[in-house]
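Asks: With the sequences and hints as input, model every part of the structure.
Chains as they are written, first to last, in my numbering: chain A, 1 to 308; chain B, 309 to 756.
Each hint should be verified, as a subset may be incorrect.
[Unchecked claim] Below, a list of computed lysine-lysine pairs in the DSS-like style, where the Cα atoms sit at most 30 Å apart:
#1 A:299 x B:465
#2 B:331 x A:299
#3 B:744 x A:247
#4 B:751 x B:331
#5 B:592 x B:465
#6 A:299 x B:592
#7 A:295 x B:317
To be clear, the hints were calculated from the coordinates, so they are not data collected in a lab.
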Amino acid sequence: MKLSVSSSPHLRAPVTTERIMRDVLISLLPCVAAGVWLFGLRTLLVVGISTLLCMFLEFTCRFIMKREQTVGDLSAAVTGVLLGLTLPVSIPIPLIIVGCVTAIVVVKQMFGGLGNNFVNPALAGRIVMLVSFPTQMTGFTTPTWVDAVTTATPLAPNAEAASLLDLFLGRVGGCIGETCKIAILLGLAYLLIRRVISPIIPLCYVGTVALFSLAVGADALFQLLSGGLLFGAVFMATDYVTSPVGKWGKVVYAVGCGLITVLIRLYASLPEGVSYAIVLMNILCPLIERIPFGKTFGKGKSKEGKTV
Amino acid sequence: MKENLFPKKPYKTDGGAPVPHRKGTSDEDSQVLPPPALVRLPMQMHIGAPCTPLVKVGDRVLVGQKIGDSDAPFSAPIHASVSGEVTEIGEITLGGGARSLAVTVASDGKMEEIPYIPPKMDTYEDFITAVRECGLVGLGGAGFPTHIKLRPSADKKIDTLIINGAECEPYLTSDNREILENSWDVMSGVYTVKNMLHIHRVLICIESNKPRAIEVLREIADSSVDKDDEVRVLALPARYPQGAEKVLIKAATGREVPPGKLPADVGCIVMNITSISVLSRYIKTGMPLVHKRLTVDGGAVAHKQNVIVPLGTSVAEVLAHCGLLPEKVGKVMFGGPMMGVALESLDVPVLKNNNGIIALSKEEAATSPTTACIRCGRCVAACPMRLYPLRLEKAIARKDVARMEALDLLTCMECGSCAFVCPAKRPLVQSMRLGKAILREEKSKNKK
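Replies: Following this line, the structure appears as structure tokens:
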């Protein structure tokens with residue numbers, strides 16, 4: 001009889017990294033579906049290529065570096081889908097390569113692979129594309145079902161006023177995954193039910209944007225429903241690796257994301273600031289982690305007071 | 309006034325993990341194991357000084373006869389658990405890998421007992437002597453000599469007695485069976501300790517997944533026995549690790565034991581519920597601690613049940629009695645699967661502080677590969693001590709002593725909640741143990 005011997009605990013929860021990543025992929029399905037509905041079948045081409053390319057690059061990097069193969073943990077697939085969903089549907093295919101290489105090769109694998117990237121790989125890839133190819137990256141197609149028209153994001157100063165219903169359903173210009181708020185909320189609900197993410201970051205992020213907008217007299221509801229805010233708050237800012245682990249750290253981080261987003265949207269020369277806000281807070285994350293929140297058991301004040 | 313002393317519901321505790329309960333044996337009566345062919349009684353079944361054998365090879369001993377004791381104040385005597393002949397006195401290996409001198413008694417199968425005499429119980433000193441002579445140690449796991457615990461230093465004002473019947477480990481139901489089978493022993497033990505130590509607040513804490521145990525003890529506590537109404541049963545949420553001493557004290561009183569301090573430092577004494585029952589029987593009858601109820605469960609066991617076994621019986625014999633399926637066995641452990649010690653060999657004796665033998669099947673014992681930490685924070689949310697296991701693991705990996713101390717590594721009680729919830733299956737508890745060893749080494753280096 002061969003007995004295996006190891007350190008306790010001898011039971012483990014069924015959750016694995018791969019299952020978490022699969023859940024994230026599932027939670028993104030409504031956004032992909034909404035993309036197809038709003039922007040047509042090219043959505044599948046963009047998201048598909050981005051996903052396969054990210055997985056291929058992950059595989060190749062690990063292979064060349066002679067490291068343990070990690071493409072099976074699906075984290076590269078998540079990065080690929082996220083990147084694809086944050087591109088305009090009209091993006092020329094060759095440009096996607098730039099985003100994927102930045103995300104997987106430069107930001108993720110060069111820093112040690114999963115768990116070691118200091119910013120969200122998908123967002124880093126998107127930002128490099130945004131600054132390199134500003135025209136192609138902001139040439140949004142407004143879904144009209146009759147003729148697809150290229151327009152600016154509703155956040156741009158010269159944009160035509162979009163109704164709140166259109167904003168909610170996603171019938172506005174924007175990136176593939178960010179316009180349909182129903183799809184994003186479905187994804188959020190799934191992530192919460194499966195306990196993949198805690199509601200702290202999305203709530204604090206969106207709440208901060210709403211309060212800050214109200215405080216400076218902007219249209220809060222419009223701010224919430226337009227651009228990539230909801231998509232970023234649900235799928236990007238909640239990335240484990242680049243957000244704080246403790247609940248108060250998460251609050252600080254999410255509030256920071258909210259403040260920077262509104263500052264960029266209302267006071268900077270850019271129409272949209274979600275990507276930059278999240279990446280900036282990603283970079284600040286190690287600093288936030290150094291703030292001592294809460295005390296170890298027995299080091300704080302006890303509720304009942306000292307010994308009677 | 310008094311109402312405030314007894315919380316209606318437990319105080320909130322942090323963290324914890326949703327471990328499965330698997331308490332399938334909780335409604336089955338305990339079976340008594342037939343006398344084993346031999347028992348090996350280690351002279352160290354407790355924290356503190358080992359005992360010296362009081363018998364020599366060839367001696368005939370009876371059940372309950374004292375066969376080992378020590379002059380050291382921090383120790384507890386050992387009694388023979390079967391009647392028969394001492395055949396060997398020598399060093400053996402225990403379940404955790406430690407070595408100890410042990411007295412081997414070949415059983416004559418008669419289980420002949422010494423004439424038990426109930427101890428004198430006139431004064432507090434009599435009581436403490438009785439606790440010591442009973443051979444009682446913390447039966448919940450630690451094996452801390454009970455007579456030491458029940459004599460707190462004079463500067464510590466004890467106002468609360470907490471009886472730990474939480475039994476939060478998966479599979480284990482031995483405390484639950486003790487409550488159901490010997491409810492009056494439990495309760496009379498509670499009143500004895502309460503009166504001897506002049507404590508006016510007793511909280512019997514039981515997880516809510518044991519409704520019958522709660523009901524039975526509540527009935528007695530609410531009956532006329534307890535005129536002052538100073539003993540209450542507190543139902544705890546069934547969330548691991550409610551039974552961990554510090555967590556239990558927090559749940560019962562709202563107090564947090566500071567790092568490196570003892571329950572007495574926050575005015576509490578915590579006793580395991582089976583310990584109190586054993587003590588109560590000794591006071592009533594004079595029968596010391598000679599056998600123990602063990603939950604035998606797990607996928608590789610055919611007849612899952614609680615068995616009452618003489619101390620020193622080999623694990624192999626207990627498992628054979630319960631129908632171990634050798635072809636299925638993957639891992640066998642003393643105690644529950646969260647904090648239990650995996651056994652390398654089944655040829656080890658049952659000790660006072662063992663409360664279960666769990667034999668997991670190969671599938672149950674299978675481990676998933678360890679992958680990179682994704683900083684999901686599940687370990688942080690699960691830690692009942694509010695530690696940051698992921699940061700500790702990194703600090704330990706680079707042997708950063710200052711950082712380990714800053715992160716309060718020594719507060720970790722190795723409950724395993726962090727490792728349980730980790731999706732990357734990182735060996736966090738193993739890492740914490742390594743870190744503590746590094747700290748100890750560092751400390752001894754500094755002393756020199």
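Asks: Output the indices of the hints that this structure fails to meet, ascending.
Replies: 2, 4 and 6
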